[in-house]
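Chains as they are written, first to last, in our numbering: chain X, 112 to 226; chain S, 12 to 939; chain A, -15 to 73.
These are calculated hints, taken from the structure and not from any lab test. There's no promise every hint is true.
With beta-carbon atoms standing in for the labels, derived distance ranges [to be verified]:
id: 1; chain 1: X; residue 1: Ile162; chain 2: S; residue 2: Arg568; range: 49 to 59 Å
id: 2; chain 1: S; residue 1: Ile800; chain 2: A; residue 2: Ile33; range: 18 to 28 Å
id: 3; chain 1: S; residue 1: Ile569; chain 2: X; residue 2: Leu200; range: 16 to 26 Å
Some chain S residues well away from chain A (every beta-carbon gap over 10 Å; in silico) [as the list claims (entries may be wrong)]:
id: 4; residue: Trp161
id: 5; residue: Ile528
id: 6; residue: Leu634
id: 7; residue: Asp782
id: 8; residue: Ala901
Note that CB positions come from ideal geometry on N, CA and C, so glycine has one too.
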Amino acid sequence: METLYAITVGTLTACSVYLILRARSFPIVIGLTMLSYAVNLFLFSSGRLVIDQVPIIGAGEPYTDPLPQALVLTAIVIGFAMTAYSIILAVRVRGEFGSDEVNEPNYQAEQEDKR
Amino acid sequence: MYLALMVALPFLGAIAPLLVRHHSRRTISYAAGAVAVVSLLLLGYLTPSVLAGEVPQFLATWLPQLGLHVAFRLDGLSLLFAALILGIGLLIIIYAHFYLSQHDDAGRFYACLLLFMGSMLGIVTADNLILLWFFWELTSISSFLLIGFWFHQSNARRGARMALAITGAGGLALLAGILLIGNIAGSYQLDAVFAAADAIRAHSLYVPALLLVLIGAFTKSAQFPFQFWLPHAMAAPTPVSAYLHSATMVKAGIFLLARLFPVLGGTFEWFTIVTLVGLATMLFGAYFALLKNDLKGLLAFSTISHLGLITMLLGLGTHGALLAALFHILNHATFKAGLFMIAGIIDHETGSRDLRKLGGLRKAMPMTMWLAMITSAAMAGVPLLNGFLSKEMFFTEAYQQHLFGGLSWFIPVLVTLGAMLSVAYSIRFVYDVFFDKAHELPKQPHEPPIMMRVPVLILAALCITVGIAPMIMVSGFLTPALTSVAGADAEVYIALWHGFNLPLLMSVLALLGGIIIYLQRTELFNFNRQFDIRDAKDVFAGIVSRVTRFCDNLMQRIETGSLQRYMAALFILVLVFVIPELMNISALTGSRPQLDVDAISLSGAIILMAAAFGAVIFHRQRLTSLLMLSVVGLMVSLVFIQFSAPDLAMTQLVVEVVSILLMILALFFMPQRIPRSSTGGRVARDILIAGFVGGVVGSITFALLTRPFSSISDYFLANSVPGGGGTNVVNVILVDFRGFDTLGEITVLAIAAAGIHKLLNNLRPFMPSGDVDGRAWHQVKHPMMLQTISQLVLPLALMVSMYIFLRGHNLPGGGFIAGLVTAAAMILQYMANGVDWVKERFNYNYQSLAAIGVLIASLTGVGSWLFGANFLTSWFTYLDWPIVGKFEIATAILFDLGVYLTVIGATLMILANFGQMTTRHRPRQEGH
Amino acid sequence: MLTTVLQFAFFMFSVALLLNLLRFFRGPDLLDRILALDTIYINSLALLILLGMWHHTSFYFEAALLIAMLGFIGTVAAAKFLLRGDIIE
């Protein structure tokens, strides 16, 4: 199970990194969101994989480690704030420049000159 | 206390001239002068105790962790310099009152001057090396302001910049040196450093420390090869030149050498470097002083020369040499300040400083001529003036040293040569200005106002009296100063007459040789013309422009404007740092027993990975990619469920849905098709990077998962019920144990929402009129079926969110999840019924909702203070309610209410405001 | 007996999920994909309930409740996007 979990986190990270390296803003936003999922899963793994030991007193000992859960919960909400901000930023850039290219406009022009 | 006040006074007083800047010039000058006078009185008050051998000290801690204290001391050396700084400073203030023209901003001038005065006082009285360095840098900055006082002149700006660049760079070197010394000594306090002198000299880092300190001192004191900034600093108003470049700033380097002599001096390295640099500077300065045609240029180079002389004496380091150095510091300050003032008077009254144009002024300005003759005779070392005495001592020391073995004779010879040149340029200063044949001048020359001459008169009088009666005039001053430099029991003896000996012969030779050189100066000028001597200014400008060009090129290569490239570089850097660490691990698999894979987990993982790949594959079809992301989010929440984290699963679910909603909203404003833009090479590179990062993260995760661990969570598990009154440990951690984190987090959320709110202001988005395939949008805005269902869902959703909120403390749930559920239900209303419909029924400002939420949470925290507890301490009790049964009330639920409201407010602020972009409720800011 | 039934149900729903995934990838239309997504939501919900029964716990049922409600909102949003482009107007 640990191997499967690790492979999943790795795959998720790889896919999100690839998306983040794209030149358009929307794939980057998707990549960022996915990367935050991967990071959350990674942070969560610091409590190790434990099945059916919900950290609720009275549910029956033993309990899994509640601390990573609390941290990840915070991370999810903050991740949402960041995602939202980057989305609006992308829309704003599109509204201001009429393009969803993330590179500097000058850079694009330079590249075309070289060709 | 008086000591600290004396140093602080010029800084505080710097405001005084600015406060009265709209009054008359006289008022401004009085204000500035008063500050100097009061400081001088304070110094006078402290002087008797210093002369009696005490060292008044002042200590206040500033940053004790860094060894930095506001510590002052007034030993003999400090007293000598402080007296110079304040005394000459006062004379300069009087002089400047007449010198500055009506157009000059006198308030600013005096403010800078006082600032500088305070900085210098700080240097000479600092009892802590870092504090000394602090004031050292302040002098660089304030002298920059003073040199560039006439900032409308380009040469003033250039001179100021150059001075700042050189002395600033030297200051950095000095800081490094000081840090080394302080590290060796274990303290930056001067007493401790003095006590550790032997250890410092024996330390292996002694030579680097010495070199760094010397660079600092040499740049400040314009020693060879850093001398070139000083002549360009002559673009300053003459009072500034007289003050900074005779008595004070350039002497700061000398002061530093004297101050650190007990610590760093006396070694072979010190002797060699300092003596030779001093000697070179002295000859260099004297030679070029003779060649200059500008009055102030002549004085500038002669200053360089005399500073070299003092440096050389400090390098020799014998008892007599140190005495001669201190004595000459005093003498040079008096005659050179006077000479600068005279140059200013001449410039002021004739409109020219060019030696080729000036001449025959003895009739027009007889008084000034006498003053000039006295002061320049002192500079040349004519007997019965103070310059003669210190020069004679200098000759004695140069003659008596035996430091270069059989070659020691060359020092007295070169020294005599330097003295000859000194005599020659002194004659030139007087003769060419006052005696040579008269020329046409821009102004009709006449004597300056009497008060402009008084400062010079005082200085000239000092030259004579000190020259005739040195023991009466200055020995009292010099004794404590020499004691603090040379150690205990220093004896000061200055005699007018030593009998016929070699030093006297050298003096005579210097005078005669100087006259001869002056008479033959045309030969010298012709000789010098053979050399193509490039102006230091051009060399400096060349270096600066080359450095700038290099940096420009470098930046262009690195900063291409391609965010992709930055991002790739970042990921590669991560790999570079992480991969070696991973390779250091002996085995990836740890000792923790692993779980078995079951079919459901396997299929879940397959779906998760497939969807992730799908998002990549379809990334040019945006909605599809988004739907894939949605599947990933759903599967992640199932992962949380599987591994015993129901709270996380619920949060993840709601956040995922809300983010997807937001992205669908944004999708409307984005271009519908993405052209294929990446080249094959780029795609290959990105796949490589992504693969490596993924592999590394996966490996780390695996290594983490298979290793046993210990956690601090036992405390939380044990104290959740007795301490926090809740059985859901995750929620209790959030609202109680780590409540402060949560408070910060909701604040961040509210801030992000506010930022988004502002970003949406006045945004004019692109709106497509049809879908991807060009079909027009459907006519019906709000389908009836959807309207009906969504209206049914709202009360249900609100009930669910209430339920989740209330049980959160004991069972999975809580403010975060409940808030997001409420927000999602509200968004559904916006989608199904439109903005207008919602506004009619629920016209509430979400910004204030978020603010109220943060406020409630904070007030809950503050509330615990009322009960004498720490911030955010929670309180709870159990109540017996009819029907409901035993019920728990905790202040934590109030805190959670704050969280709940903030989350609703922030989420709706983001989503609803964004959704309103296309409606008449568009956020707008007037007058933007 | 219950164990066997649960195992069988687990298996069937897993297969259903994989089939949903297949439809999701194959499309061909966006509508098919949205429908597939909605069905994935439903099947996950069912899995959650089964999991709760398997572990004899009720802690997972709220999550199922949320999936039921929010999955609906997500689907509505995607459908509205296809219909009008702008989902809040």
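Those earlier numbered hints the structure runs against, lowest number first: Violated: hints 6 and 7.
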